Amino acid sequence: MKKTMTLAVAAALLIGSIGVASAQVIEVDPNLPAYTKVDETIRGNLSSVGSDTMNNLMTLWAEGFRKHYPGVRVQVEGKGSSTAPPALIEATAQFGPMSRQMKAKEIDAFEEKYGFKPTHLRTSLDALAVFVHKDNPVASMTLEQVDAVFSKTRKRGFAEDVVTWGQMGLEGGWARRPISLYGRNSASGTYGFFKKVALKKGDYKDTVKEQPGSASVVQGITEDLYGIGYSGIGYRTSGVRIVPIAPDADSDPVAGTYENVASGKYPLGRHLNLYIVHQPGTDLDPLVREFVRFIFSKEGQEIVVKDGYFPLTAKSCAEELANIGVEMKLSRK
Amino acid sequence: MRSSSAQMEIETPTAGGHGSGERRRLVAVSGRRAPLAGFWRQGLPAVWSSGFMLLCVLAMLAGMLVLTLVRGLGHFWPSAMLQIETTSGAFLGPVRDTDVGRDASEAASERLQLKIGNRDLYGLDFRWFDSAAIQSRSHPQDAVTVEREEFGNFHGYLREVRVGERVVAGDAAWQALDAEINAARELRHRGLELDGQYEKTRKPLSKLEQKLESAQRQARARDDEASARIPELRGAIATEKERLAPVLQEIAAQRDGLVAERLARDALFEAADGTTKQIQLDEIVRAYRPNSMSAPAKVGLYVARLWEFIFHEPRESNTEGGIFPALFGTVLMVLLMTIAVVPLGIVAALYLHEYAREGPVLRAVRLAVNNLAGVPSIVFGMFGLAFFVYGIGGFIDRTFYAEALPAPTFGTGGILWASLTLALLTLPVVVVATEEGLASVPSANREGALALGATKWQTLWNVVLPQAVPGILTGVILAISRAAGEVAPLMLTGVVKLAPSLPLDGVFPFAHLERKFMHLGFHIYDVSMQSPNVEAAKPMVYSTTLLLLLLVVALNTVAIVVRNRMRQRYRGAAI
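If you read the sequences in order, they're chains A and B. For the first sequence, my numbering gives the first residue as 1, with consecutive numbering after it. For the second sequence, my numbering gives the first residue as 1, with consecutive numbering after it.
Hints were generated in silico from the structure; no laboratory data involved. Fair warning: this is a prediction, and the values are worked out from it, not measured in the lab. Take the hints with a grain of salt, since some may be wrong.
[To be verified] No farther apart than 25 Å at their CA atoms in a straight line, the calculated lysine-lysine pairs in the DSS-like style are these: (1) A/K298 <-> B/K277; (2) A/K37 <-> B/K207; (3) A/K37 <-> B/K241.
Work out the full structure, taking the sequences as your base and the hints as a guide.
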């Protein structure tokens, strides 16, 4: 009874914040300078293989980059973060976008081939969201509950296996309805990240319907009144609702807003990474260098916002660029 | 075939006689026994159930066609804009969906989904509204839909158009808008031309820079001769830079002038809730007022949007704009596949049918070919990846493109490898159909030719093959149908989400078969499963599906027409 009370109160609190979250318009840091074209012929193949979460982001960046350099040929492939390291090692791509960080094993394989470590760039911020159908009344969930819904090992230690919506505190017709689970396939970085962070490396239930893309997770939930699933926050639509997540049973639920993700309060925030091959101490290929400069420019970070993810501050952009030996002058306004 | 058809002719009357005798007896029988027995004996239930099954199949086919047609073609029609006032503000946009929701008290309430557009202002382009929360509805005549290159549609009202210092407001603004949009886009076009001119002028310098780059690469590999060349190249670059500087500066100045002129053109729009938004005119694809458009104007717009869909490049990560690269990639891939599979399949079938001696080996080969048709396509994809891409492609790279390594040229997926993989996939179809075609040539024709002193090869080439052409073409038709719809093997051998550079273009050597390509089937998968704005992209999925269906039908029709022509030609000559 007490639990339902808290849920009801939380619901009342959150309905307001959801309205704010969907209407939130994020501004890129005004200190971030616009991209300036270099006086050099930039042409050739720009090829990217990796994360499908970042697939659209890479595509949008590439489209924007081609406006500056029409001579560049672009090829973007995205079948999951795990496809990035082999592509970089086999040199079938210059860019390896990954929605998780490279594992030690992948870095070792890379080092074995090239003799140096891959260059890691944090391009933007993302939050994984737990989506439910737009008519689902559930107000918020704790990470323990999320774990108990998705995992059969329950490493976060929730008391019981959660299989019906009644166990989440819903009443009436909802109480006896089984929870229908949607998730990503195992090649995806989203799958790996959610498993690592929300499930504490536990195992997913066998009943999770594994989808080949993040958009199809959202589509599945849109069509399934009793569905729940996880995906990048950028894939939200009007047919689904984002459930605020509390880091543990004692804390308040946190909505996946820019402020909460940037401050680290939202438990499912992460960086979207880009890996490139860059031998330390040598000059970077001009095409790769300019593309990276474009990503960390005002236009590049605006594209991040357009795709539904969260931009970096001008300071972090400058730090990332320093990684590849490019200096950025902040424009003070 | 000839002998068997003669047999048929002899048999037919007997069979007919038999049948009518049977029927007479049945009638006699049914006269005496219960009528139901005749019903069963004549097999009427089987006839009815098979007829019913056929009806089901046709209904399913028609249903799918109608669904794709309606959803696919309806998308391009400019839909009316509804303005609603709600407690959370005013919104403007076409109604996309309605459903019945249940509120807290379990009472049913109607809801509608509006495409509110203005993604840059609201975050999402679609939104559900409870009809209870809607205070008023109207269809304002001056509501404007602005299709933009970025952030999707803008829905609102035009307030003013600005060209430099000149500002036009009110109704005059709407009159001026179209012309100014065209002017702005023209300016952008000219800017791109200037960019091209700049690159062309700079070409000698770029070439020197490339030489320097490769010399530096070789120098790193301890090539002393290359290191010796570096200072000389550096000097050449400096002189060239000095020589070209004035020309380049002039072009750049011109280009900057154009950019400034272009940026001076924008329009001020106001959204339904009163927020204003400045939009650069060259960012506008088109703007229209659907609520006050006449029917012919709507048809004109429909055609323009359909044209854009088929012949333009995709925008906004494939969720808007056109699909031309995917259409082109699909057609080219199917053509390349046909070129590869037809000679291979025919030669294999000729040997199997005409030269190979009957025996266990031949039977084993035939069995293998037939089984090949049943292998899942993803297995072909993996074979293509290992054999063509890594094997042959890697070999070509090491032999001919060694200077470009480690960046692969042929050693990565590309349209050539995808076509060859599909050629393997469809090979059994062509082999089997060709063999059937060869078997259908009457042996009298063969024997006649041989009796007249023709060699076996002459008989084959002049008598047998021409008559087998319709059969062979049937195989090609089946192969094309199969190949145009296949996606799984392509995902491993060269299809990508975005590859706007076509495999054929005006740059030497014109055909770039090593390039990756876009494909309609993969496009459907990608847009429906992985697009960031899946609601906005949904109509694109139906339109693309429709186009893929039409493409398969068109390719098949061409092949069928060719086959019928051939049949006509050899019908007289055969006997």
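Going down the list of hints, with the structure as the test:
Between the alpha carbons of A/K298 and B/K277 the distance comes to roughly 19 Å, so the proposed pair stays at or under 25 Å and holds. Restraint check for A/K37 and B/K207: satisfied, since their Cα atoms lie roughly 19 Å apart, inside the 25 Å limit. This hinted pair checks out: A/K37 and B/K241 have alpha carbons roughly 18 Å apart, not beyond 25 Å.
In the structure shown, no violation is registered for any of the earlier numbered hints.
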